[in-house]
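Engineer: In order, the protein sequences belong to chains A and B.
For the first sequence, counting from 1, position 2 maps to 1 in numbering that gives the first Met the number 0; every step adds exactly one.
For the second sequence, counting from 1, position 3 maps to 2 in numbering that gives the first Met the number 0; every step adds exactly one.
Take the hints with a grain of salt, since some may be wrong.
Examples of chain B residues lying across from chain A (beta carbon under 10 angstroms, computed) [to be verified]: (1) G15; (2) G16; (3) S27; (4) A66.
So, partial list: chain A residues that the calculated Cβ filter (under 7 angstroms) puts toward chain B [claimed, not checked]: (5) L15; (6) S23; (7) I35; (8) Q38.
Derived from the structure by calculation, the hints contain no laboratory data.
C-beta: ideal position from N, C-alpha, C; glycine also.
So you can see what is in the structure, the chains are spelled out below.
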Amino acid sequence: MRADKEAKGAGFNPGLILGLIIGSGCFWLTIKIVQIVSQS
Amino acid sequence: MSDISRREFLKGLAVGGTVGYFAMAGVSSTVMRNSFIPPAKVGAVDIGECKSLKIKVITETSWFNNALLMDDMKKAGGLLVNQYEIPWTNKGVTEGWKGDNAGGYATLVEVEFLDGSTKKILLDTGWNVDWTDTCFKREGIDKMLANGEIDCLFVSHEHFDHFWGIEATLKYRPDIPILVPKGFYQEGFDLLKGANFPKCHLANNVPHTGPLKVQESEKVHKLYPGVASITFDVPIITRVFGEQALVFNLKDKGLAIVTGCCHMGIISLMEHVKQTIKGGDNFYAIQGGLHISPFEDWDPQYDDLVLALHNYGLKTMGCNHCTGYVTAEKFVTIGLPVVKGTAQHKSKRDIFLGNGDMMII
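The following block holds chain A by itself, in its conformation from the complex (with noise of 0.2 angstroms):
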């Protein structure tokens, strides 16, 4: 049980990169839209 968890554990998460991006973007997308409200 110890190494299955250890193996999964080892494993590369395609979920945080995609995440990371996601996030990135949510946060420039943001900012875009309090520039585009502040200039109308």
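Given chain A, work out where chain B should sit, using these hints.
Structural biologist: For chain B alone, kept in the frame of chain A given last:
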């Protein structure tokens, strides 16, 4: 690639999303700042260039006793009372000029152009005619006026200490071209024509016979190559409205601003110049009254103002009159390049560019 459960994937997504959001926040405010925050709008009005400036402080001692001035305004009804209705104390003031609390503000700006020619602008004309005339004689302004060497009188605003000494200028040159800001009241125009106002101990016995121009607001007035003025619509205490300041574009140096009182606020003025005049992203110098702590009071919000001024990268500055000694000390503490004066001719401290002092840019 190992199997990943849906739960693990979603956990990774959540963690990655959170880290990504805050990481981008950090990156966007540092290394990628310019991509996220567009550069500030910089002005496009080209006022040309000039070579150098000589700024001579004729008198920055607008009055001699702060408390007495405040008391005069308070007794008359407060800061909103019309300045022409206030019986200003003009007798028995120990530290005053012959017993009068009134002094005045006046500066001579000599501009050298790229071809070597020069022009002289008299910025303001004091308050107490006798004091102003004495200062004029001390600095040779009387002769310059009489000889026609001074090209114009630039009145920053209608305040008593910047304008009411008009007779001292007109007695030597009644036809001098005069520039006043939009907002002058009828009393001011009447004073130029030779009116007297006994209630506030004000008189002009030499009517102005030369050209008078009212400088409108919301535009850059090009006066000479490299020299412009800007007028601000700003209400000022004692029922005054409007103030104008001079802007110079010094070749290979940057912009220099010379003010009378800066009631519009020095940051507002600099930002407006930055967004309006070409070269506004490169300030070199400021000189004059900066109206921050004129009565030596201090509000913590002024600390932000001092910090903001520091960010403009000024190479030299001279402050006096309504800047306030407290403010000048803060400028020095924060490392602003304040030019010291000599504290003579009734100027009290050398932290000000005082009476008789000169700044060369």
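Engineer: Under the constraints set out in the numbered hints, which ones does this structure not fulfil?
Structural biologist: The structure breaks hints 4, 7, 8; every other hint is satisfied.
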